[in-house]
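Visitor: Quick note on this note's numbering: the sequence shown kicks off at 737 and runs consecutively.
I should point out that these hints are in silico values taken from the structure, not numbers from a laboratory. Every value quoted in this text rests on a predicted model; they were computed, and no experiment measured them. Treat the hints with care, since some could be wrong.
[What the hints assert, rightly or not] Computed list of lysine to any residue pairs in SDA-like fashion (alpha-carbon distance at most 20 Å, straight line):
hint, residue 1, residue 2
1, K974, P940
2, K875, K967
3, K967, D1044
4, K932, L854
5, K974, I992
6, K929, L1025
7, K932, L1025
8, K932, D832
9, K932, H1012
10, K929, R984
11, K875, D1044
12, K932, K967
13, K974, K932
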Amino acid sequence: MFFSVIIPTYNRLPILQKCLAALSQQALTSPHTYEVIVVDDGSTDDTVAWLHTQSLLDLRYYCQSHQGPAAARNLGLQMAQGDTIVFIDSDLVVTDSFLQSHAEALESAQQRLGHHRLFTYGRVIQTCNFADPTSTPYKLSDYSAAYFATGNVAIARRWLEEAGGFDPSFQQYGWEDLELGVRLQQLNLQLVKAPKAVGYHWHPPFRLDQLPQLIEQERQRGRMGAKFYLKHPTLHVKMMVQLTIWHRLLWRLLTINGQLNERSLTPLLQFLIHHHHSPTALGITRIFLNGYQVQSTHLAYTQLREIDTGVQG
């Protein structure tokens, strides 16, 4: 099994360095082997200059203008030489048994199920510990019910090619991997959990100055969610992107019709952060952040429908 580890990146050099250092320490047994492909999505920091100096592992890197992770992963797939593709994000730090665990889970599942229509999904643990990401224990909040998420997945390249790869029109934040997952489900691929293939997803501790960026991400997620539903207009996708009246009512209820927001909650959030309760502050923030996504999804869906109706007319 020849793994091609594909990593899109954009202005994340410090954590990318840890990501690649961890990949250089893989205890992968023969006959398995691997390569690492980094696709720089138009970074403006020193990422490309640093990559040019590296010789830690079988690393190749490619550059594109800023087009989003979908296009970056497609480029990585085009350049990959392996028969099995592993997607991780550039802010993921893996254990030394990461690839071996994916290999064993794939082989075991193929023998147990008697077919190759499957892929493995590893465990992702959220951490704020930049100095030692892998020291963070697994938490209930780390559980994911996603079918196909590119934070930690291994899949035969033939299935990606048969599904058509990622949709590069998903240029903003969110949904490009889950949209591909819908097409993989149509190929009857089975998800197999690989809990020993562990990656630690690093993000900085929550600060109030992150709020504008987080709000913009949720607005982008909403716009891409509307695109997702228009492409796959099923109840399942509609629930995923929260494009229902019930989601709007729930958001209004939880935020008291929008009164709980980044302005009204600032004193409480500042207090929590000051007393070293950043995770709690972020959890509270997600209530009104989700409201931005719900609003953005409905607005974008209405606009896209009007455009579509106008074109057809």
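Visitor: Has the given pair, K875 with K967, been kept, meaning a C-alpha gap of at most 20 Å?
Guide: Cα-Cα ~34 Å, so violated.
Visitor: Taking 20 Å as the top limit, are the C-alpha atoms of K932 and K967 close enough?
Guide: The hint is violated at about 34 Å.
Visitor: Verify the proposed pairing of K875 with D1044, using a straight-line Cα cut of 20 Å.
Guide: It is violated: about 44 Å lies between the C-alpha atoms, which goes past 20 Å.
Visitor: Are the Cα atoms of K932 and L1025 separated by 20 Å or less?
Guide: violated, 32 Å
Visitor: Verify the proposed pairing of K974 with K932, using a straight-line Cα cut of 20 Å.
Guide: violated, 32 Å
Visitor: For a C-alpha distance cap of 20 Å, please report whether K974 and I992 respect it.
Guide: violated, 24 Å
Visitor: Below or equal to 20 Å on CA atoms is what counts here, so check K974 against P940.
Guide: violated, 31 Å
Visitor: Holds or violated: are the alpha carbons of K932 and D832 at most 20 Å from each other?
Guide: holds, 11 Å
Visitor: For the pair supplied as a hint, K929 and R984, is the alpha-carbon distance within the 20 Å limit?
Guide: Since the Cα atoms of K929 and R984 sit roughly 33 Å apart, the hinted pair is violated (cutoff 20 Å).
Visitor: Need the status of pair K932, H1012: alpha-carbon distance at most 20 Å?
Guide: Distance ~31 Å between K932 and H1012 Cα, so the pair is violated.
Visitor: Quickly compare the C-alpha distance for K967 and D1044 to 20 Å and report which way the hint goes.
Guide: holds, 12 Å
Visitor: So if I understand the rule, the pair passes when the alpha-carbon distance is 20 Å or less; does K929 with L1025 pass?
Guide: violated, 30 Å
The earlier numbered hints that this structure contradicts are 1, 2, 5, 6, 7, 9, 10, 11, 12 and 13.
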